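Undergrad: Go ahead and model the full structure; you've got the sequences and the hints to work with.
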Amino acid sequence: MKKILKVEQIQKYYGNKDNLTKAIDDISFEVEEGEFIGIMGASGSGKTTLLNAISTIDTVSSGHIYLEDQDITEIKEEEIAQFRRKNLGFIFQDFNLLDTLTIEENIALILTINKVPEKEIDEKILEIAKKLDIENILQKFPYQVSGGQKQRCAACRAIINQPKIILADEPTGSLDSKAARQLLEIMEDMNRTMKATILMVTHDPVSASYCNKILFLKDGKIFNRIEKGEKNRNTFYSEILDVLALLGGDARDVR
Amino acid sequence: MLGKLSIRNAKRQAKDYMIYFITVILSAALMFSFNSIAASKDISELSSYMNEFGKAITGISILIIFVMAWLIHYTMKFMLEKRSKEFGTYQILGIEKKDIANMFTLENLVIGIVAFGIGILAGVFLYQVFTSIIMNLFQQPYQIKITFDPKAVGKTAIYFFGIFIIVLLNCRRKIQKTKVYDLLYATKQNENTMIQKSRGNVFLFILSFVLFGIALFLNHHEFSSETEMKPRNVFFAIVLAIVGIYLFYISISSFIVKRYLENKTKKYQKTNLFLYRNLTSKINTMSLTMGTIAMMFIIILIGGNVALLMNNMLNNEIEMGYPFEIMVSSPDGDFSQYKEYIEKNAQVKQMYEYQTYYDGNLYYMGLSDYNHLRKMLGHETVDLNDDEVIIHCLRTLKKKYEDQVKQKGETTIGDKKVKIKEVRTENFGQLSFNGDRFIFVVPDSLVDTVKAEQERICKGTDNFDYNSNDFGYRLVVTTEESTDETFYDELCEFIMTKEIPMTQEIAGEEQTFNVSISLGNVMTKGKRMSVTKSFYTMVSFLAFYVALIFVMATATLLAIQQLSDSEKYKYRYALLRKLGVDELTINKTILKQLFYYFALPMLIPFVMSIPAILSIAIPFKIAVSMAEVWQNIVSIYSLFMMVYGIYFVATDVQFIRNIESV
Numbered sequence: 260m261k262k263i264l265k266v267e268q269i270q271k272y273y274g275n276k277d278n279l280t281k282a283i284d285d286i287s288f289e290v291e292e293g294e295f296i297g298i299m300g301a302s303g304s305g306k307t308t309l310l311n312a313i314s315t316i317d318t319v320s321s322g323h324i325y326l327e328d329q330d331i332t333e334i335k336e337e338e339i340a341q342f343r344r345k346n347l348g349f350i351f352q353d354f355n356l357l358d359t360l361t362i363e364e365n366i367a368l369i370l371t372i373n374k375v376p377e378k379e380i381d382e383k384i385l386e387i388a389k390k391l392d393i394e395n396i397l398q399k400f401p402y403q404v405s406g407g408q409k410q411r412c413a414a415c416r417a418i419i420n421q422p423k424i425i426l427a428d429e430p431t432g433s434l435d436s437k438a439a440r441q442l443l444e445i446m447e448d449m450n451r452t453m454k455a456t457i458l459m460v461t462h463d464p465v466s467a468s469y470c471n472k473i474l475f476l477k478d479g480k481i482f483n484r485i486e487k488g489e490k491n492r493n494t495f496y497s498e499i500l501d502v503l504a505l506l507g508g509d510a511r512d513v514r
Numbered sequence: 208m209l210g211k212l213s214i215r216n217a218k219r220q221a222k223d224y225m226i227y228f229i230t231v232i233l234s235a236a237l238m239f240s241f242n243s244i245a246a247s248k249d250i251s252e253l254s255s256y257m258n259e260f261g262k263a264i265t266g267i268s269i270l271i272i273f274v275m276a277w278l279i280h281y282t283m284k285f286m287l288e289k290r291s292k293e294f295g296t297y298q299i300l301g302i303e304k305k306d307i308a309n310m311f312t313l314e315n316l317v318i319g320i321v322a323f324g325i326g327i328l329a330g331v332f333l334y335q336v337f338t339s340i341i342m343n344l345f346q347q348p349y350q351i352k353i354t355f356d357p358k359a360v361g362k363t364a365i366y367f368f369g370i371f372i373i374v375l376l377n378c379r380r381k382i383q384k385t386k387v388y389d390l391l392y393a394t395k396q397n398e399n400t401m402i403q404k405s406r407g408n409v410f411l412f413i414l415s416f417v418l419f420g421i422a423l424f425l426n427h428h429e430f431s432s433e434t435e436m437k438p439r440n441v442f443f444a445i446v447l448a449i450v451g452i453y454l455f456y457i458s459i460s461s462f463i464v465k466r467y468l469e470n471k472t473k474k475y476q477k478t479n480l481f482l483y484r485n486l487t488s489k490i491n492t493m494s495l496t497m498g499t500i501a502m503m504f505i506i507i508l509i510g511g512n513v514a515l516l517m518n519n520m521l522n523n524e525i526e527m528g529y530p531f532e533i534m535v536s537s538p539d540g541d542f543s544q545y546k547e548y549i550e551k552n553a554q555v556k557q558m559y560e561y562q563t564y565y566d567g568n569l570y571y572m573g574l575s576d577y578n579h580l581r582k583m584l585g586h587e588t589v590d591l592n593d594d595e596v597i598i599h600c601l602r603t604l605k606k607k608y609e610d611q612v613k614q615k616g617e618t619t620i621g622d623k624k625v626k627i628k629e630v631r632t633e634n635f636g637q638l639s640f641n642g643d644r645f646i647f648v649v650p651d652s653l654v655d656t657v658k659a660e661q662e663r664i665c666k667g668t669d670n671f672d673y674n675s676n677d678f679g680y681r682l683v684v685t686t687e688e689s690t691d692e693t694f695y696d697e698l699c700e701f702i703m704t705k706e707i708p709m710t711q712e713i714a715g716e717e718q719t720f721n722v723s724i725s726l727g728n729v730m731t732k733g734k735r736m737s738v739t740k741s742f743y744t745m746v747s748f749l750a751f752y753v754a755l756i757f758v759m760a761t762a763t764l765l766a767i768q769q770l771s772d773s774e775k776y777k778y779r780y781a782l783l784r785k786l787g788v789d790e791l792t793i794n795k796t797i798l799k800q801l802f803y804y805f806a807l808p809m810l811i812p813f814v815m816s817i818p819a820i821l822s823i824a825i826p827f828k829i830a831v832s833m834a835e836v837w838q839n840i841v842s843i844y845s846l847f848m849m850v851y852g853i854y855f856v857a858t859d860v861q862f863i864r865n866i867e868s869v
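Chains A and B are the protein sequences, given in the same order.
End of the first sequence = 514 in the working numbering, gap-free, step of one.
End of the second sequence = 869 in the working numbering, gap-free, step of one.
Any given hint could turn out to be false.
[Claimed, not checked] Here are the simulated lysine to any residue pairs, SDA-like style, with alpha carbons at most 20 Å apart: (1) A:Lys-345 / B:Leu-209; (2) B:Lys-222 / A:Glu-386; (3) B:Lys-262 / B:Tyr-743; (4) B:Lys-381 / B:Asp-306; (5) A:Lys-335 / B:Tyr-743.
These aren't lab readings, by the way, just hints derived from the structure by calculation.
Keep in mind it's a predicted model, so treat the numbers as computed, not measured.
TA: Listed below in structure tokens is the structure:
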């Protein structure tokens, strides 16, 4: 399998010499094409900082992150916008949809800024929207639809341009359990049938059980990693709970 | 697609920032109408002084541009902050910063262009209103005609879009500089609390009042002192007041915390806790803006009052100083040429020659002259016994002289003791033509005495002011119709060509020299009216223009602050509702919150400006009565409150609507 993402000994420090916080303390891992990888940890364990570093929202103090062969820690400021729109898809906890645009336009925006020919735009949107079960609400504005629908729209926006990797930050955080399950099934489907590589940060063991590989962070370090392999979701779920118990006192924060 | 997004955003912005939008429209309308006035031939031809009006408008535009730039800059910066997450999302989606900046520019230009368009249309209407008011003031007929001066449109466009473009360039730079991380996580940053530093702040709070006190004292001292005013001290007072204002608004939040939140009974009354916290959380970040707003209010209140004082003074001066249409004084008492000229060029009703006398200290005139003048002005005549005199003074000085007469009802003329019969105050030219603020009217039997006194003074000393060329010879004329500017100019030209040889004994030597006649020797009511009307129009309109823009800009700023936070407040008030607070109490709390918020920057200006105005009015007292000063204060304040109040009510209505909308 081709390696999509390679994280090499990255560190992220906050503060000054006397009062140093290591948000990320020497983390290395790799993500292969077609993987659905989860990152778990208590709050303050560094998982969002890690995601921000990979998504070029934040910079690292040392170390390198390669997306395919490109070192994203060394991308120039003027190239960053192009890099993001070509390579990355995002799903946020609070959707980040533009409320002046309809659902369809929110999705189309990504295609227009990537200069996809106008004739193909409608077709493409409809195709994906059907898979994500949002084709009925395409003409509505974000404030007119439910949270689950909004998040599916965000997922649609994230995948429509076929990015190299989709980065999801607590995508189920603002959803009820039914909408969350629906979204996760869709993400699982995106991963399987559309071959999307997904990196998801979550503290919810149910969400995590949809992944096929999970990294556990504690105090900025990788504490453990487990793989789903051929196991079914329920077995994987109990395995996750076991690791969380191992994480110790902090496990109370996790769930 | 990005264009479409911009247009939609612009629409949303216009709705969210309705009050700002309306203010920008009104400002454009005012700018346009004033630029039209500046360019209008009809108005500049009203009098020779109205030429200056156009120049003054152009000058004052600089001030207006600064204030508008301040408002627009503040609002755009505010929009950028409020929409940081949206801009972060654009960046995350991979839109180039340049394109984001373009979008923001387009958005605001669309708002600007729409506001400009509506503003110009409204301005055409406003211009008609202003022009008819001015024409009415000059008693000129005016036909309403829709004019559309391209020069005025151009000027307004340059001002208006100049501001927009400069502010937008600034915002673009800001957008280019920001990091996506800061944009996405900006809202999560906490505001600093100032409670830790509370003791230092209470000190600053008290210090600010000390500074206000010193500033007001200095101001009063300078304006009331008999000697010449020292501009340095007034400047110093202004600096102290400015420092005081900023200190006050920096420290007030701690004061509220200390006074109310640390006082448990006050704190837990009704919704006070909620209210004070809402207020203090905002003032912390707003203190500098509040200070600036307060300063602008002071400028409006004091500036407006000074403008009215000047107008009062000019108007009263006409009444007090120009009871006759034409008033001429001459060094030699030979009025024959003038009389001939005036009779030829004006429709004379009555003409009278007389003399007033000066003994180096006081002015006198004889009873029969006095009664003649009274008859000319339509007043009843008065009688005097041989040992009685009358003091005829300005009406503003009546009380002063009556008090003096009560204490000592006698004086001496020559070597004769006389009784002061009464103090009269009819407008009679006693400002400078007949006497100097007051004149003694003596019985005819005493005229020779005062005349001898004047001659003694003239001959015996070199202190006598030759420059004034005033030996008391006077000519007054009443006419059927008011004279105009041209009459005055031509009369002056006629009189000025005359030079009079005078012989005077100075320091024991006889000297002969030529005296030329100065402009001060000729006064016509028509000329003076024209000057006063021009000045009155200019000062009133400019003061109105500046004040209106200032109040609108500042009130809009406060409204924007409150309304754009309604997201936050919606949550807070929703919580109150969930906690069981009923609708009426919530609306009351909102009203209270906004009231405090709007009232706070008004507090210091209102308290500070009244004593300052009363001090400034002292030099005007000669022609302006105390009642008029208070009348000015009340009218300026109520006008201010009215405009400010409209914004306050609009904000309250919009606020409640925002909170209730889901």
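Undergrad: Now tell me if each hint is right for this structure.
TA: Results for each hint:
{"no.": "1", "hint": "A:Lys-345 / B:Leu-209", "in the structure": "18 Å, holds"}
{"no.": "2", "hint": "B:Lys-222 / A:Glu-386", "in the structure": "35 Å, violated"}
{"no.": "3", "hint": "B:Lys-262 / B:Tyr-743", "in the structure": "16 Å, holds"}
{"no.": "4", "hint": "B:Lys-381 / B:Asp-306", "in the structure": "14 Å, holds"}
{"no.": "5", "hint": "A:Lys-335 / B:Tyr-743", "in the structure": "63 Å, violated"}
Going through the hint list in order, the structure does not satisfy hints 2, 5.
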